[in-house]
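Spelled out from the first residue to the last, the chains are:
There are 2 protein chains.
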Amino acid sequence: MSTTNIKNTSTKILVRRFNPDELALSYNALCNHLYPWDGVVNTPFGAAQCLVEPLQVTDIHNHHEGETFFIMEGEGEITVDGESTPIAAGDVVYFVPFTSHAIRNTSPTQNLLLLTIYWEDMNLSAGIAQKKAQQPIITSKRVWVAPPPVTPNGDLHLGHLSGPYIAADVYVRSLKMQGVEAYYTSGGHDSEGYVLTTAEKLGMTGKELADKASKEVRQTMQKANIHVDYFWRPDKSEEYVKFVHDFFLKLYNKGFIVKKETPSLYCPSCDKLLFQSYIQGECPQCGDESQANSCENCGRSNNHDELKNVHCATCGTKPIERPLEKLYFQVKPFEKQLRAYYRTVKMAPRLHAICEQAILDGLIERPISQVTDWGMTIPLEGFENQRLETWFELAPGQCFYGVGKMAEQAGLDGNWESFWKSPEADVVQFFGFDNGYFYALLFPAIYLAYDADIQLPKVFVNNEFYHLEGSKFSTSRRHVIWGADILKEYSSDVVRFYVSYTRPETDNTNFSKSEFKATLEQELNQQWNQWINEVSERLERQYQGVVPYPGAWSDFHQTFYKDLNNLTKTIKIAYQAETFSPQKVSHSLCEWVRLARRFGKAEAFLATVNSKKDETRTAMALELMAVKQFALLIAPIMPNFGERLWKSLGFQESIFNNTWKSELEFVAGGTKINALPKVVFTADV
Amino acid sequence: MSTTNIKNTSTKILVRRFNPDELALSYNALCNHLYPWDGVVNTPFGAAQCLVEPLQVTDIHNHHEGETFFIMEGEGEITVDGESTPIAAGDVVYFVPFTSHAIRNTSPTQNLLLLTIYWEDMNLSAGIAQKKAQQPIITSKRVWVAPPPVTPNGDLHLGHLSGPYIAADVYVRSLKMQGVEAYYTSGGHDSEGYVLTTAEKLGMTGKELADKASKEVRQTMQKANIHVDYFWRPDKSEEYVKFVHDFFLKLYNKGFIVKKETPSLYCPSCDKLLFQSYIQGECPQCGDESQANSCENCGRSNNHDELKNVHCATCGTKPIERPLEKLYFQVKPFEKQLRAYYRTVKMAPRLHAICEQAILDGLIERPISQVTDWGMTIPLEGFENQRLETWFELAPGQCFYGVGKMAEQAGLDGNWESFWKSPEADVVQFFGFDNGYFYALLFPAIYLAYDADIQLPKVFVNNEFYHLEGSKFSTSRRHVIWGADILKEYSSDVVRFYVSYTRPETDNTNFSKSEFKATLEQELNQQWNQWINEVSERLERQYQGVVPYPGAWSDFHQTFYKDLNNLTKTIKIAYQAETFSPQKVSHSLCEWVRLARRFGKAEAFLATVNSKKDETRTAMALELMAVKQFALLIAPIMPNFGERLWKSLGFQESIFNNTWKSELEFVAGGTKINALPKVVFTADV
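Going down the list, the protein sequences come from chains F and C.
Note that this note's numbering gives residue 156 to position 156 of the first sequence, counting from 1, and the numbers run on in steps of one.
Note that this note's numbering gives residue 435 to position 435 of the second sequence, counting from 1, and the numbers run on in steps of one.
None of these hints come from the bench; they were simulated from the model.
A portion of the hints provided could be inaccurate.
Which copy? The list can't say, so a pair holds if one copy fits it or any two copies do.
27 Å max Cα-Cα, derived DSSO-like pairs, lysine-lysine [stated by the list, open to error]:
{"hint": "1", "residue 1": "562", "residue 2": "308"}
{"hint": "2", "residue 1": "259", "residue 2": "308"}
{"hint": "3", "residue 1": "661", "residue 2": "131"}
{"hint": "4", "residue 1": "513", "residue 2": "472"}
{"hint": "5", "residue 1": "131", "residue 2": "562"}
{"hint": "6", "residue 1": "628", "residue 2": "131"}
{"hint": "7", "residue 1": "572", "residue 2": "672"}
{"hint": "8", "residue 1": "242", "residue 2": "405"}
{"hint": "9", "residue 1": "250", "residue 2": "472"}
{"hint": "10", "residue 1": "562", "residue 2": "458"}
{"hint": "11", "residue 1": "141", "residue 2": "272"}
{"hint": "12", "residue 1": "141", "residue 2": "254"}
Next comes chain F alone, as it looks inside the complex (with noise of 0.2 Å):
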């Protein structure tokens, strides 16, 4: 940091005085910037007056800075993560770097004012950034993993997997080695309109083509190796009905959800009230094309009343407005509760923007019947020809069968409530981002207005899109992968393995066959076979295939012993749901097999010169250690290569009946191993 030096000024008298022009908006405190004195001098730190007005309260924040506070006029209550304590003038506080700070103005007539200085020191808050535990959220012995439900007008294509499909099943899988009871639910989400505008192109009914395609993505799920707990669709059994109109009831009894007569969608055309993939326009925020849904582009969710430019999806023609009595839901009154819920909940900085703008939009009150006979009625007189909005629906139905039904099924209490609502249980949410308006905002208000002890998810995970060949996957173009068709082709380790390799996590990724070959080639055969095969080689050659004792320890195998235990806190940090990357951990796992040859081949001189036999062997077991753990990492994104690897090593259980110790661990000298896999990915295996 400079040291404060008085830069050249042209008078003498340097007074600053209080100007209340100069006060600007900072963190909702009326602030004065001292200093440094631009023009004046620089000083190793900063320094500003700021005013909070009666019963004001300060923007939660928090800085790498350190920070102090003298407290000059009025008085309040200071937050500092989340403990408060009283303060008035006279108070000096101090605020470590990163902890978050509030301060209210407790009086309802009298200014707080005080003074602020701040300072930076790499030194200190690298230390504290570093300290801070990176503890996982997700703590439950009991986690309920769900993928958005998939709409059944069509099979998965690669788009689908590579986004929540196989990574909700990389999760689940990762928690299951850490002793978790994980669950993966997953459904078709039938009463969306796009299977209705779907089937009339294909000349079938929507209920015809729900069932196909359901099917279809059923076997689809299980030819990628995604184990599904429990798959549901919406259907009309009294008992679901009867769920769905209770909580219906029970949001409209309360007054969230309101009657209101607006102009809806007529296609003169058609002779149709149209509703979501029935209306095209512009998207009012980045004016993309797309329908009364949510913008693809954006992440905007539209109303049909915001879009511009609307025409009828199906023929084109300029909808008339028609005056309808429907329902719409209430968001505002969540407002407060939807902006504690985001200092909470861990999320990608494009679903806290998609958030953060809706509620600068002012939180719209969303429609949520539309005049159709797809979809789930309306206990409500005068309301027999519409039908709820598809996400009104969607809500309850996780409850009732996502997590009700599902915990039934898995002989776990079947109350829903029981496990949504246990303090040991979480939840964690998989989208793509063009669904986060629904699952972080929409859902969240709905089940605050339904019952404020429902546990809302920890973490939202989602994703961004999967491109094919550098465009988009488009089903009417015919540019585009059906999973099944590359799961004939390749197997299902293969495909998750490249899929996670190239995630789509924070920006769009591409799918490029020819990338796709050259990276199987280049990493799983001529990295990752090849060191299966030289370690395998090397204990045989060496050891006759018995896994020696460790004995003497050299700093190199040191060394590589630490990179192995700092590559594995990488990878799990990367298997937590709050940055979970299947990206990452399949990245780490290759510089892992890199370090892993390196060191194998670097020691195997040492193994021909005999005075060195008790290092010789610690390189080996080191060597074997390296695998073992391997194994277990890569198990949950290809589960059938890390059974394999596991069992080749010696072990009788499955891989899957163990979980990730604390510590590495080295295969048990004495063991013999017959071979590691010959050949490990093939693309039947």
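Take the given structure of chain F and dock chain C to it, following the hints.
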């Protein structure tokens, strides 16, 4: 760890009688392995009785298990991590995992008997391994870095550059970034027989070729942006000759050099007494083709009388043995000192193997004179027609010129001893593994013979071979890329990056033109360049090119900041001599860019949301911190690019006037950045 369990056994009385035949030598103690008792019981510990014979000492070693000694009989001395204390019957000693230990029987008559119990506790040992601070070995403020003088029988090709030459320069620059005075000496290894044999083929004199090639080598080094502090040639100056002669005579007078009549090889067809590169044969260790020099396949140093199936390298004739009085250097007297030295010096396992094997082979005496008029004269009567073997001239030559004259020119104390014998200076020697015998065994022995106070190198950094399109570089087969040629086509930065990225560190690596181009395109252009353009574009669009002050920190920021810190640690360790790996540095910097791009793209979504502006400026500040740190970390490998990037961040002073700080630092808020470089990597930059 498994619990104790008794296995099936047919007898009820389980006694193990002492049996001298079962004693086996382990770490130089006679041990009787007791537990686990094979076929009887598995125990969660191992146990053995050990006997150390009178005046014997066990091999010093360390391991990951905890261990305890119960001294049962006799007396002695125990040494743990260099500290010693007497012990006697009745004492109990505990060894913390990974501490090095040995026990000495101090009695000249009585045995020392002990019982050892050892047990594995992976949590404990992993914790200790991780805590053992990765303290750099090289801590002096003055370091002499020496790649081997170049054999001047031709210019440098890409294989040479990939080995010690660029790497040593990278290391020097990394030391300078840590505020260390580091010096790079190079020179011509003129007295090598290869100069003569090549010159004969080209129809030149040795001197003509050596002058021409040395000049080319210096130019190529300059083009590769290798900063050579001093480049020396072994000349005939009076001062130099006197130094080498005095050096020789000191060893001769101490009796380490002896006269001996032994058979020499004579080619009747060439009428010549053959030496070094005039003799072609097969390596007695690996059977590969070798000259009377070190074997390029296994690294063994082969005296002329050790080679199998010898013939004259010039004409192919089988030579005749002729008795000749030659001078021999005795290596054997230094066995104990060398063994002690190898316990502390840091080097790769390959090099350890070469040195250990030479010790096991009995430290064969080395002929150091040959009949020729090429090289340094010998100040002994009767040896007027012989010259010193080249390595024996190089050892004193390094002192006189490599350190002495270099220091004089650098304005340091001109006396080589005050540099190379100072406790405030360190020596790091770089070389290819095929020079391993000379630098890691012969030179230490010679220096120990000359003056025990000479400070031997603390670290040897060696390299394997670089291949070209799958096979060895070969000037005779014209299978070669000359340094001068590739440095005409590509910038020094790009070449330095790629030879670092693919450096043959523990294994042969390969240069392929197509992979080279693909890496430049995929990493440097599509990743690095893109990243810098993206950051630049965001800074311009969001902040009109003015660096924002960091504001509020989200979890996402914290994670990125931690990732940068962790990668910085990894990279700094890969710049340390004992773990030196430009390969790891460059791969980690590729990872750095991927991380930073992911972060930048994810955070860019928040920039559109007004309420998130305090988080958005933190993100931008962190992105620029990442660019700044990246420039500092890449600078040793790519000095020009590092400097350009640094200056573009608004810094006036050269990046090389800066040192790495212990923590990452922000670019100062308020700095106006005109534009980061648009096109970063071009052939001519």
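Structure-based check of all given hints:
1. Neither within a single protomer nor between protomers do residue 562 and residue 308 lie at most 27 Å apart by alpha-carbon distance, with minima of 58 Å and 44 Å respectively.
2. Within a single copy, residue 259 and residue 308 get their C-alpha atoms as close as 25 Å, which meets the 27 Å cut-off; across copies the closest is 101 Å, which misses it.
3. Proximity of residue 661 to residue 131 under the C-alpha cut-off of 27 Å is found in both arrangements, the shortest distances being 22 Å within a copy and 19 Å between copies.
4. Taking CA atoms no more than 27 Å apart as the test, residue 513 paired with residue 472 passes inside one copy only; the shortest distance there is 15 Å, against 34 Å between copies.
5. When the C-alpha separation of residue 131 and residue 562 is checked against a cutoff of 27 Å, the pair qualifies both within a copy, at 19 Å, and between copies, at 10 Å.
6. Taking identical chains as interchangeable, the C-alpha atoms of residue 628 and residue 131 lie at most 27 Å apart only when they sit on different chains, with a minimum of 24 Å there against 29 Å within one chain.
7. In this assembly of identical chains, residue 572 and residue 672 lie within 27 Å of each other by CA distance neither inside one copy nor across copies; the values are 30 Å within and 40 Å between.
8. In this assembly of identical chains, residue 242 and residue 405 lie within 27 Å of each other by CA distance solely inside one copy; the values are 15 Å within and 95 Å between copies.
9. Taking the closest pair of Cα atoms, residue 250 and residue 472 never come within 27 Å of each other, the shortest separation being 41 Å inside a single copy and 79 Å across copies.
10. Only between protomers do residue 562 and residue 458 lie at most 27 Å apart by alpha-carbon distance; the minimum there is 22 Å, versus 32 Å within a single protomer.
11. Taking the closest pair of Cα atoms, residue 141 and residue 272 never come within 27 Å of each other, the shortest separation being 50 Å inside a single copy and 84 Å across copies.
12. When the C-alpha separation of residue 141 and residue 254 is checked against a cutoff of 27 Å, the pair qualifies neither within a copy, at 35 Å, nor between copies, at 75 Å.
Hint violations for this structure: numbers 1, 7, 9, 11 and 12, all remaining hints satisfied.
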